[in-house]
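Protein chains: 2
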Amino acid sequence: MKKEMTLDEIYAPVEARLRAVPSAIFEILSTPNELAQDVIQYFFSAPGKLLRPALTCLGAEIKGLRPIQEKRLIALAAAFEVFHAATLIHDDIIDSAYLRRNIPTINVKWGPELAVLVGDYLHDKAIGAIFAGGNEKIFSLFLQTAGLVCDGEIRELKEKDNFNLKEEEYLEIIDKKTAALLACTIETGAILAGVSAEEAEALKRFGRYFGIAFQIVDDCLDFTGNEEEFGKTLGADCSAGVLTMPLIRLLQLVDENRKSEVLKIFSALDGSLPVRQAGTVLQGEKSEGGTNPFQVLLAMIREYGALEYSIEKARLYRDKARLELSIFPDSPGKRSLELLVDYVLERNR
Amino acid sequence: MKKEMTLDEIYAPVEARLRAVPSAIFEILSTPNELAQDVIQYFFSAPGKLLRPALTCLGAEIKGLRPIQEKRLIALAAAFEVFHAATLIHDDIIDSAYLRRNIPTINVKWGPELAVLVGDYLHDKAIGAIFAGGNEKIFSLFLQTAGLVCDGEIRELKEKDNFNLKEEEYLEIIDKKTAALLACTIETGAILAGVSAEEAEALKRFGRYFGIAFQIVDDCLDFTGNEEEFGKTLGADCSAGVLTMPLIRLLQLVDENRKSEVLKIFSALDGSLPVRQAGTVLQGEKSEGGTNPFQVLLAMIREYGALEYSIEKARLYRDKARLELSIFPDSPGKRSLELLVDYVLERNR
Numbered sequence: 001m002k003k004e005m006t007l008d009e010i011y012a013p014v015e016a017r018l019r020a021v022p023s024a025i026f027e028i029l030s031t032p033n034e035l036a037q038d039v040i041q042y043f044f045s046a047p048g049k050l051l052r053p054a055l056t057c058l059g060a061e062i063k064g065l066r067p068i069q070e071k072r073l074i075a076l077a078a079a080f081e082v083f084h085a086a087t088l089i090h091d092d093i094i095d096s097a098y099l100r101r102n103i104p105t106i107n108v109k110w111g112p113e114l115a116v117l118v119g120d121y122l123h124d125k126a127i128g129a130i131f132a133g134g135n136e137k138i139f140s141l142f143l144q145t146a147g148l149v150c151d152g153e154i155r156e157l158k159e160k161d162n163f164n165l166k167e168e169e170y171l172e173i174i175d176k177k178t179a180a181l182l183a184c185t186i187e188t189g190a191i192l193a194g195v196s197a198e199e200a201e202a203l204k205r206f207g208r209y210f211g212i213a214f215q216i217v218d219d220c221l222d223f224t225g226n227e228e229e230f231g232k233t234l235g236a237d238c239s240a241g242v243l244t245m246p247l248i249r250l251l252q253l254v255d256e257n258r259k260s261e262v263l264k265i266f267s268a269l270d271g272s273l274p275v276r277q278a279g280t281v282l283q284g285e286k287s288e289g290g291t292n293p294f295q296v297l298l299a300m301i302r303e304y305g306a307l308e309y310s311i312e313k314a315r316l317y318r319d320k321a322r323l324e325l326s327i328f329p330d331s332p333g334k335r336s337l338e339l340l341v342d343y344v345l346e347r348n349r
Numbered sequence: 001m002k003k004e005m006t007l008d009e010i011y012a013p014v015e016a017r018l019r020a021v022p023s024a025i026f027e028i029l030s031t032p033n034e035l036a037q038d039v040i041q042y043f044f045s046a047p048g049k050l051l052r053p054a055l056t057c058l059g060a061e062i063k064g065l066r067p068i069q070e071k072r073l074i075a076l077a078a079a080f081e082v083f084h085a086a087t088l089i090h091d092d093i094i095d096s097a098y099l100r101r102n103i104p105t106i107n108v109k110w111g112p113e114l115a116v117l118v119g120d121y122l123h124d125k126a127i128g129a130i131f132a133g134g135n136e137k138i139f140s141l142f143l144q145t146a147g148l149v150c151d152g153e154i155r156e157l158k159e160k161d162n163f164n165l166k167e168e169e170y171l172e173i174i175d176k177k178t179a180a181l182l183a184c185t186i187e188t189g190a191i192l193a194g195v196s197a198e199e200a201e202a203l204k205r206f207g208r209y210f211g212i213a214f215q216i217v218d219d220c221l222d223f224t225g226n227e228e229e230f231g232k233t234l235g236a237d238c239s240a241g242v243l244t245m246p247l248i249r250l251l252q253l254v255d256e257n258r259k260s261e262v263l264k265i266f267s268a269l270d271g272s273l274p275v276r277q278a279g280t281v282l283q284g285e286k287s288e289g290g291t292n293p294f295q296v297l298l299a300m301i302r303e304y305g306a307l308e309y310s311i312e313k314a315r316l317y318r319d320k321a322r323l324e325l326s327i328f329p330d331s332p333g334k335r336s337l338e339l340l341v342d343y344v345l346e347r348n349r
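Chain order of the listed sequences is L and V.
Each residue of the first sequence is one higher than the one before, starting from 1 at the first, in the numbering used here.
Each residue of the second sequence is one higher than the one before, starting from 1 at the first, in the numbering used here.
Bear in mind the hints are in silico, worked out from the structure with no lab data behind them.
Mixed in with the good hints there might be a few duds.
[To be verified] Simulated coverage check for chain V against chain L, where a stretch passes if three residues somewhere in it have a Cβ under 8 Å from a Cβ of chain L:
1. 19-31
2. 108-117
3. 122-133
4. 148-160
[Said to hold, decoys possible] Pairs of lysine-lysine, DSSO-like flavour, derived with a Cα cap of 30 Å:
5. L:K166 with L:K259
6. V:K137 with L:K109
7. L:K264 with V:K109
8. L:K137 with V:K71
9. L:K158 with V:K137
10. L:K109 with V:K71
11. L:K109 with V:K166
12. V:K137 with L:K137
13. L:K109 with V:K160
14. L:K166 with V:K158
15. L:K264 with L:K71
16. L:K160 with V:K109
Glycine included, C-beta positions come from ideal geometry on N, C-alpha and C.
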């Protein structure tokens, strides 16, 4: 693939629709409540990748959408982004993260109390918009998805500090907490475009595989990313006690001696985040001498090839995702989906 | 009214339906996620007043319900209780409350992280059940209500430590955060029983007035209640910086000197809660000597008759609520609603 391809280029076939999403988001979230307004303006001032709206639009594009459905599609695409934002806001409370999309998180700027409520508010507004814009099938699919997301997140919390977490269990968790929503967004677009049940199922599976690949890469970036490019707190998973694939792989490979070393470092990092603030020395790239625990851990992860292993797994899911697209005839929408899975593997944000 | 009347006696006309609610709640919340299961079992092991399910059932009873709707009614009644539970779980994070229904809150027992996620989980499950059990009208009404609840709670958070908060503003906040859901529950029951639009509106207004009276009394109990009977943290509002009617009234009446005294006490109490644990000396009834700041504040509130004033206001809303029932012919259901508003004024839990 062309490594230099930007998201804008990949999104080209649905560019006009995606341009309409931000104002649709603000329409969904319009409120006379001034404090809520301030927080909403603040959060959405930092643009995300709009991955979920893009998938909704591309899901519709792959079969072609009747113009009459245009407005509903944009409303649904925006609603998914709002729902995703709600989960991010609550996630940032749970992880005590201080940085999101390169700006301080809501819990840092306004406190966790307001973050809880604004998350709830976005959550409800998203549901209202999906109900209004969707149909019974779409809304049922969405409700089921919301349940999976919560289930995955509760599982993740339960497995914190569980050093015996298996790779399959990790994959099951990220399938629920991340991939399920991505699958729902693309399937929704496809349903709106009137695909067959078989085609909808294929796109749903595409979304699941794509989502798993996406999350594995995200979890690698939590170790190796550049905080400024990545736009969120680095080392957040370790600090929250969450084991992800690179660490699970490392623990599989090391002998007992080194294993206890890893566990010691991990325990030292666990809970270290809340006292750190944006702008201080980062756990990864920028610290001097390489003697801080995070860097020691990272060095071991590199030594054992656990990152390469993880990326290799992500590639496997990319391939599975691409395979699901094979039943569709070539089209600009399909091409974009193919490029998007490649992009996810090469991304650094 | 007969002061000794119990909730069970008042609920008599809908007793059989209410008995079916707990198992309907567990049906809505059934999950293979063991951690979620544990938390759900724990939370619902402490019975609440089931006010929302009771209102749903009584709303249906006031006109008579066709037997075919029976199952839907119970499912909706249970779903409202689940939705209410979700808001309580998040509220307890926000207020750092340690006691709810006489047992430690989820944030105390499992930490705020899990409380955020389990609140989200209950929220989603409730919405799913209301969608499944309701119809378009009921679900739209509910979504609108959920928006009001959030809006009211964000307003309340915004007005923390605002010593200039006016009584009307306080009333607007409690109307949204508390009364709107009570109104929605009774209107839903009535819609299911096939009432006219006019009758539905009257019951909705009943619910709003009832809810306002209920919340004013609740806010008085936060000052004067017995923690064991009340079942939740006393003095929680002051400790969270929330001004309620007794305090707003006191601030209206005192001169500048005493006002600054009140503000000093309030500021001292603000934020004092998180370090306290269930079982320690209570802020109100049980401390010795009466010299702690909460007792000084309470003495001033009593001296200026601010509690009587608040209860008088609650009575006014009780009367407004009862007036809305006048369009309905006498029935056991109607009688229960009348008794319920009286009960709320006399309650101590």
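The hints, checked one at a time:
no., hint, verdict
1, 19-31, "violated (count 1)"
2, 108-117, "holds (count 5)"
3, 122-133, "holds (count 6)"
4, 148-160, "holds (count 7)"
5, L:K166 with L:K259, "15 Å, holds"
6, V:K137 with L:K109, "39 Å, violated"
7, L:K264 with V:K109, "26 Å, holds"
8, L:K137 with V:K71, "23 Å, holds"
9, L:K158 with V:K137, "38 Å, violated"
10, L:K109 with V:K71, "46 Å, violated"
11, L:K109 with V:K166, "27 Å, holds"
12, V:K137 with L:K137, "18 Å, holds"
13, L:K109 with V:K160, "17 Å, holds"
14, L:K166 with V:K158, "44 Å, violated"
15, L:K264 with L:K71, "54 Å, violated"
16, L:K160 with V:K109, "17 Å, holds"
The structure shown violates the earlier hints numbered 1, 6, 9, 10, 14, 15.
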